[in-house]
Amino acid sequence: MTELVYDVHHQVTFRWLIALYFYFTGMSAGSFVISTLAYGFGLEKFKPAGKVGVVMATLLLFIAPVMLLLQVGWPVRSVWNHFTFLNFHSPMSYGAFLLMAYPVNCMIYGYFMFKGDMKKTKMFGMIGIPLAITVHGYTGFILAFGKARALWNTALMPFLFLVSAIVSGIAVMILILMIKDKFFSKEKIINKEIIYTLASMLGWLIVFDLVLVFCDISTLSVSHAEAKETTHLLIAGELSPLFLGVENFFGKFVPMIIVLTPKLRSIRNIAIASALVVVGILFMRFVVVYGGQALPII
Amino acid sequence: MSKIRYAMVIDLRKCIGCNTCSVACKSENAVHIGVWKSWVKHIQKGEYPNVSKSFLPLLCNNCEEPICVTVCPVNANRVEENGIVSTDPHRCVACRYCMAACPYEVRYVHPIKKIVEKCNWCLHRVKVGLQPACVEACPSGARIFGDLNDPESEVSKLLAKQPVQVLKPEIGTKPHVFYINLDHDAVEIKREVDVL
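Chains as they are written, first to last, in numbering that gives the first Met the number 0: chain A, 0 to 297; chain B, 0 to 195.
By construction, these hints were calculated from the structure, which means they are not laboratory data.
Accuracy of the hints is not assured; some may be wrong.
To be verified - No more than 25 Å apart at the CA atoms, straight line, and that leaves these computed lysine-lysine pairs for BS3-like: (1) B:Lys44 to B:Lys167; (2) B:Lys173 to A:Lys227; (3) A:Lys121 to A:Lys50; (4) A:Lys146 to B:Lys189; (5) B:Lys13 to B:Lys52; (6) A:Lys146 to B:Lys44; (7) A:Lys146 to A:Lys46; (8) A:Lys227 to B:Lys167; (9) A:Lys44 to A:Lys185; (10) B:Lys126 to A:Lys146; (11) A:Lys227 to B:Lys13; (12) A:Lys50 to A:Lys181; (13) A:Lys44 to A:Lys146; (14) A:Lys227 to B:Lys189; (15) B:Lys2 to B:Lys126; (16) A:Lys121 to A:Lys46; (17) A:Lys179 to A:Lys46; (18) A:Lys191 to A:Lys181; (19) B:Lys44 to B:Lys25; (20) B:Lys126 to B:Lys173; (21) A:Lys185 to A:Lys262; (22) A:Lys46 to A:Lys187; (23) A:Lys191 to A:Lys262; (24) A:Lys146 to B:Lys167.
Here the structure is a predicted model, which means the values were calculated and not measured.
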């Protein structure tokens with residue numbers, strides 16, 4: 000029998016503020032991508048989502064960095080030192096620049112959209128797509144560079160983050176469009192066509208997300224010792240109710256069935272499915288952030 | 000003459016688990032209550048009468064390819080000329096990225112100063128030719144500190160003659176704390192999971 004007699008306590012590194020930061024940037028990037036479908040790629044069907052999307056993307060990206068600044072020990076110094084002592088090897092350095100460039104681009108894009116200058120809207124929409132993808136992709140990249148943690152240290156991490164970002168972006172967009180049409184439009188009628196199109200996009204992206212999660216977890220389960228322990232923690236341990244139950248069953252599987260089954264697809268059910276996704280992805284962020292650090296590594 | 004590259008050998012055949020190193024470190028570096036730069040993990044194993052205790056003294060490994068230096072966004076961590084990894088308190092903004100990336104969990108946020116700190120083998124002492132506080136305090140002489148590039152140093156001699164092991168060699172950071180008689184069970188056993 001081996002027993003631990005004495006060990007010291009270690010601080011938890013990243014807490015709920017970081018999870019919320021990932022959540023908000025994700026939804027922002029997702030809404031931005033949807034908004035460019037009409038104004039960047041010219042898909043007329045998505046036009047009603049354009050303006051809502053850019054407002055959401057900008058607002059969320061103003062909340063997100065606040066979470067970061069609350070998390071760091073020296074918020075003002077962090078901005079200043081970032082320019083004076085830049086480290087080109089750190090993903091966080093690039094991320095900070097993206098976090099500054101992306102909301103500015105969002106505002107310019109939104110300004111031209113509301114002004115009706117379609118040519119410039121399209122241009123800034125196209126500049127915005129790589130920015131939106133990288134501003135959220137880099138958050139996964141940051142975790143992937145945390146090489147001590149088995150759950151994070153995988154090249155899949157940026158993609159897991161991106162897909163879940165677009166999933167949560169579409170879901171929150173569906174909800175906002177419904178609320179806007181129902182309560183704040185002249186006709187008080189929900190635009191069914193766009194809701195159904197977005198819902199089927201949501202469904203297939205959830206399928207893709209589930210495949211990615213399956214690839215990630217199944218590879219972890221046969222990897223090195225700490226990876227196996229992490230898999231056990233997620234599948235059968237203390238985090239399994241959150242990971243399997245809330246995140247994957249109620250947050251992804253149930254909404255996927257609802258939006259992809261023709262009989263179940265109604266405006267009310269799509270609203271329920273989107274709400275489930277929005278909550279599910281929030282828990283996904285928490286599971287990734289806390290699950291990565293839950294196991295002691297030394 | 001080649002450059003100095005400091006390393007530490009911990010001879011666990013001599014370690015008695017007295018924690019003098021932890022206390023000496025706290026005292027020398029004014030380490031805040033609740034956090035540690037150097038500590039000792041104690042385990043016991045077996046059933047009576049076949050029992051034993053093992054100790055695992057832990058501290059910063061001052062790696063040759065430190066991940067903390069790679070990930071720091073403000074270049075607060077750097078590898079000194081003598082191989083010691085130091086943290087600049089005036090640059091650190093406590094983003095905690097280095098804490099997340101360190102495979103040895105040796106970093107912590109100072110509860111009042113709000114900057115990340117860790118063991119730097121008492122760089123201020125080493126610079127003026129003294130030994131790190133833990134090495135000087137160890138009553139059984141289990142900690143040996145010296146220049147890896149000097150073939151006559153005690154560290155070099157021990158590394159040449161003894162079978163040694165480092166913690167987590169698979170991580171690839173090339174740690175520079177070498178253990179003699181390292182107990183696999185002491186490395187494997189972990190404290191309870193604390194989620195949230």
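Looking back at the numbered hints, which does the structure fail to meet, lowest number first?
-> When the structure is compared with the hints, numbers 6, 7, 10, 11, 13, 19, 21 turn out to be violated.
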